[in-house]
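J.: If you read the protein sequences in the order shown, they are chains A and S.
The letter at position 46 of the first sequence is residue 46 when you use the numbering used here, and the numbering goes up by one with no holes.
Just so we're on the same page, the numbering used here is the position in the second sequence counted from 1, plus 109.
Heads up, some of the hints might be wrong.
Claimed, not checked - Derived pair list, reagent style BS3-like, types lysine-lysine, alpha-carbon separation capped at 27 angstroms:
| # | chain 1 | residue 1 | chain 2 | residue 2 |
| --- | --- | --- | --- | --- |
| 1 | A | Lys106 | S | Lys178 |
| 2 | S | Lys166 | A | Lys96 |
| 3 | S | Lys127 | S | Lys166 |
Since the hints were derived computationally from the structure, they do not count as laboratory data.
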Amino acid sequence: DAKTTQPPSMDCAEGRAANLPCNHSTISGNEYVYWYRQIHSQGPQYIIHGLKNNETNEMASLIITEDRKSSTLILPHATLRDTAVYYCIAPSGTYKYIFGTGTRLKVLA
Amino acid sequence: EAQVTQNPRYLITVTGKKLTVTCSQNMNHEYMSWYRQDPGLGLRQIYYSMNVEVTDKGDVPEGYKVSRKEKRNFPLILESPSPNQTSLYFCASSHQRGGYNEQFFGPGTRLTVL
C-alpha cells in the first residue's frame, strides 16, 4: 500500500509562503498525489492533485519531484484562515485512500 | 447547491442497538466512501462504492455494513455498535474521471456508543 509521511506540525507567519512537505516513496507510477485540508472537525476539503508535473490552482501550488517520491504543497501567502490540518494522500489501488495524520499548520499573526 | 449531507450529525446510543447513518449526494457522483476519524489516527477508510451495487472494504470495515441501491445514497450500518466505534464519521463522494477523483466530504457525524 502506498504510504505518505508528513511532519506532524509546522508554523508559518501570516503573509509568508507555507511549504508543506510530503514523502510518498512507495507511490506507483500512475497514481496521483492529492492534498486535502481539514479545519477543526469539518469535512476535509480538496486542495489540489498532481501526477508528474507541477500544478497550480487558485488555492495552492504543488511541486512534485522528478522521481515522484516526494512533493511540496505551497500556500503562497498564508492567512490565518489557512490554519488547518493538511493531508497528503497517495491512493492504495484505484479506490482506496489512506489519509494518515497529516501536518497541523498554524499560521501566526 | 452541490453537497454531501449526512444524518444524523450527532448521535449517542448504547451498545448493541442497531443504527444507520445516512449519506446523500446531489452531484451524480459514481464514487462514494465512508471514513472514520479518531484522535491520533487520522482518517481511515471503512468502505467505498464505485457505483450502484458495487462496494468494497477499506482499511477498517469490521463491525460495519454498507449498501448502494441508489446512486445518490450510501448508508453506513452498524448492526451491533460497540464503544470502540465511538468516532467522527465522514462520507465522501466524487466522479471517477481520468484516473483521479476529487472527493467532496460531508459535514461529519459524531457518534458516541455507551
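J.: Each hint needs a verdict: does it hold in this structure or not?
T.: Okay, the hints, checked on the actual structure:
The straight-line distance between the Cα atoms of lysine 106(A) and lysine 178(S) is roughly 42 angstroms, outside the 27 angstroms bound, and the hint therefore fails. For a cut-off of 27 angstroms, the pair hint linking lysine 166(S) to lysine 96(A) stands: about 9 angstroms separates their Cα positions. Taking the CA atoms of lysine 127(S) and lysine 166(S), the gap is near 20 angstroms; set against the 27 angstroms cutoff, the hint holds.
Going through the hint list in order, the structure does not satisfy hint 1, though it satisfies all others.
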